[in-house]
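Visitor: Here is what each chain is made of, one letter per residue.
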Amino acid sequence: MRNIFAIAEKELKSYFASPIGYIYVGLFALLYGFFYYTMLAYFVRQGMQMSQFGGGAQPMNINQDMLRPALQNVTVLVLFILPMVTMRTYSEEKRSGTMELLLTSPLTDFQIIMGKFLGAMGLYSVGLLVSLIHVGILFVYGSPEWKPILTAYLGLELMGGCFISVGLFISSLTKNQIVSGMLTFGVFLLLWIINWIGSFGGPTLESVTNYLSIIEHFDDFGKGIIDTTHLVYYISFITFGLFLTAKSVDSERWRG
Amino acid sequence: MIEVQHLTKRYGRVTAVEDVSFRVERGEILGFLGPNGAGKTTTMRILTGFMPATEGKAIVAGFDVFDQPIEAKRRTGYLPETPPLYPDMTVAEYLTFVAKIKGVAPGDRAKRVKTVMERTRVADMANRACGKLSKGYKQRVGLAQALIHNPDVLILDEPTAGLDPKQIIETRELIKELAGNHTIVLSTHILPEVSQTCQRVVIIAKGKVVAVDTPANLVDRLSGSSTMYVQVDPLGADASGALKRIAGVTRVVEADRHEGAVGYEVESERGHDIRRQLAQAVVGGGWGLLELRPMRLSLEEIFLSLTTDETAAAAAGVAGVDQVAGVDVPPVEGDSAHA
Numbered sequence: 001m002r003n004i005f006a007i008a009e010k011e012l013k014s015y016f017a018s019p020i021g022y023i024y025v026g027l028f029a030l031l032y033g034f035f036y037y038t039m040l041a042y043f044v045r046q047g048m049q050m051s052q053f054g055g056g057a058q059p060m061n062i063n064q065d066m067l068r069p070a071l072q073n074v075t076v077l078v079l080f081i082l083p084m085v086t087m088r089t090y091s092e093e094k095r096s097g098t099m100e101l102l103l104t105s106p107l108t109d110f111q112i113i114m115g116k117f118l119g120a121m122g123l124y125s126v127g128l129l130v131s132l133i134h135v136g137i138l139f140v141y142g143s144p145e146w147k148p149i150l151t152a153y154l155g156l157e158l159m160g161g162c163f164i165s166v167g168l169f170i171s172s173l174t175k176n177q178i179v180s181g182m183l184t185f186g187v188f189l190l191l192w193i194i195n196w197i198g199s200f201g202g203p204t205l206e207s208v209t210n211y212l213s214i215i216e217h218f219d220d221f222g223k224g225i226i227d228t229t230h231l232v233y234y235i236s237f238i239t240f241g242l243f244l245t246a247k248s249v250d251s252e253r254w255r256g
Numbered sequence: 001m002i003e004v005q006h007l008t009k010r011y012g013r014v015t016a017v018e019d020v021s022f023r024v025e026r027g028e029i030l031g032f033l034g035p036n037g038a039g040k041t042t043t044m045r046i047l048t049g050f051m052p053a054t055e056g057k058a059i060v061a062g063f064d065v066f067d068q069p070i071e072a073k074r075r076t077g078y079l080p081e082t083p084p085l086y087p088d089m090t091v092a093e094y095l096t097f098v099a100k101i102k103g104v105a106p107g108d109r110a111k112r113v114k115t116v117m118e119r120t121r122v123a124d125m126a127n128r129a130c131g132k133l134s135k136g137y138k139q140r141v142g143l144a145q146a147l148i149h150n151p152d153v154l155i156l157d158e159p160t161a162g163l164d165p166k167q168i169i170e171t172r173e174l175i176k177e178l179a180g181n182h183t184i185v186l187s188t189h190i191l192p193e194v195s196q197t198c199q200r201v202v203i204i205a206k207g208k209v210v211a212v213d214t215p216a217n218l219v220d221r222l223s224g225s226s227t228m229y230v231q232v233d234p235l236g237a238d239a240s241g242a243l244k245r246i247a248g249v250t251r252v253v254e255a256d257r258h259e260g261a262v263g264y265e266v267e268s269e270r271g272h273d274i275r276r277q278l279a280q281a282v283v284g285g286g287w288g289l290l291e292l293r294p295m296r297l298s299l300e301e302i303f304l305s306l307t308t309d310e311t312a313a314a315a316a317g318v319a320g321v322d323q324v325a326g327v328d329v330p331p332v333e334g335d336s337a338h339a
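From first to last, the protein sequence lines are chains U and R.
242 is the number that the numbering used here gives to position 242 of the first sequence; each next residue is one higher, with no gaps.
151 is the number that the numbering used here gives to position 151 of the second sequence; each next residue is one higher, with no gaps.
Isolated chain U, as found in the complex (with noise of 0.2 Å):
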């Protein structure tokens, strides 16, 4: 457990010691910021006519009709700048030979998996950590439920997880940052859209590309529900992805 942290913390010290830490938040927060500033001009404007032509339309929550679109977009602003956080992790180490290090010392590969991926969990947590702000202005100038938005950032973490996960595999494919990061770019962007593949061939194959997309899953979360049948899939996806991460970590150490 000790190295695990010890691999996680240096690689979140790494993020920070150089501009991908600060541009990842940076960015996260811009965006983050545009969004959540769209959607509440609209929910505010949406709210004025209602009180104007006296209602008759469903009553408005803060919750559904704003939040809720503005965490989902997170998932959008996830599938772009994330690749740049787990692009490196493998790659780097390779091309530096730092990988020889970690190799040589007294660590279990899995310990080494884990620790990275804890450490972009931590970065991609302080980009969610930010979006955090603007959910504390809603509190203080109105009254939204609070356990939906708990539900909501859980469903976010494992989504990020499950995307970093693919990210850590792809990292370990190869020696090249670039080539790391826009295939990851491309997995992500097919596993948003798969659902669109899907809606194509008819109900079989559309619930299967359902069941499979990242995205679909998070929708209940941004709902407040607690479905095991999403943690199940998004625990497993993790899973998943970082049992492929240490098949390639250990075909390479053979292949040489």
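Just so you know, these hints were derived from the structure itself, not from any lab.
One or more hints might be untrue.
Unchecked claim - Which residues of chain U face chain R? A few of them, derived with a C-beta cut under 10 Å, are:
1) Phe-5
2) Lys-13
3) Ala-17
4) Thr-98
5) Glu-100
6) Leu-102
7) Leu-107
As the list claims (entries may be wrong) - To give a feel for the contact side, a few chain R residues facing chain U, derived at Cβ under 10 Å:
8) Tyr-11
9) Thr-48
10) Phe-50
11) Ile-70
12) Glu-71
13) Pro-80
14) Tyr-86
15) Phe-97
16) Gly-103
Think of the CB as a built atom: it goes at the ideal place given N, C-alpha and C, for glycine as much as any other residue.
Go by the hints and put chain R onto chain U.
Guide: Using the frame of chain U, we list chain R on its own:
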């Protein structure tokens, strides 16, 4: 301390290391010598547990590197060919991180970091980012990293590469100091380094061990007294005929000639000491004997002959070192010399 038995490593169809066996005693410095691409780095990577061997067995500090890798790695310090530094970390941060992952107890870390920085003379750069160090400093931080957990075994892949002459001497001194408490395997393609620092040498070429011996014995074994250089002032006559008539002489070659003095290289059968007869022949001919000395092959020449031409090596009596290299025979002295 280190025991390597019949190690073979194949990458697909390419065989990088084939049937390598040797053994290193506690406190010894073993030099690993070979041209680039001979399999030095591969062997070292196997010893450090970076990659597994295709066949064979390696025991480091009493632990099999394949079966008990964590235990073996705990007792091994490794300096790879390129020092494994994180460019963004400062030297002190980096060494503290390495101390953590090498399992140095939290209470001892600060002390160990300080000690190794002083030993490797990098303390003045403690707060400099590793990426901004000069090549010499990088190499020494790499060495500091290998020492941080005070390992029993040190494996150093070209520890003096990229250093200036003064730093090379300092590093060699440091390595010699470290022997005794640590068992050291170092690789190099610089020959003087071997004769100056190592007690024993493993010469490896094309993935195979071609010789295991002390540097002095290697020189003896291949050169011995087989060729003599004799410089004569023959007063206008030709001395080569007289030299050829000496019993045991196989060949006489005129090597150089200036201002009346002629130098000859006289080859004789191995084991025949012909110095007295040579001197007698020259003096008996009424000529002037200006110089007479055995021609010793330098370590360079031995190395070249061993690594480029296997038949030459075999002819010179180095064939059969596989037995010397094997673990059954104590590989201390070159007992197959002059066989």
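Visitor: All hints, please: hold or fail.
Guide: Hints, verified against the model:
1. Phe-5: With a closest approach of 9 Å, the Phe-5 (chain U) hint holds.
2. Lys-13: 8 Å, holds
3. Ala-17: 4 Å, holds
4. Thr-98: 4 Å, holds
5. Glu-100: 4 Å, holds
6. Leu-102: Cβ of Leu-102 (chain U) sits 7 Å from chain R, so the hint holds.
7. Leu-107: 6 Å, holds
8. Tyr-11: Hint on Tyr-11 (chain R): holds, closest Cβ of chain U at ~5 Å, below 10 Å.
9. Thr-48: Holds. Min distance 4 Å.
10. Phe-50: Holds - the Cβ of Phe-50 (chain R) comes within 10 Å of chain U, reaching about 5 Å at its closest.
11. Ile-70: 5 Å, holds
12. Glu-71: 8 Å, holds
13. Pro-80: 4 Å, holds
14. Tyr-86: 6 Å, holds
15. Phe-97: With a minimum Cβ separation of about 5 Å from chain U (threshold 10 Å), the hint on Phe-97 (chain R) holds.
16. Gly-103: Check passed: Cβ of Gly-103 (chain R) comes within 6 Å of chain U, closer than 10 Å.
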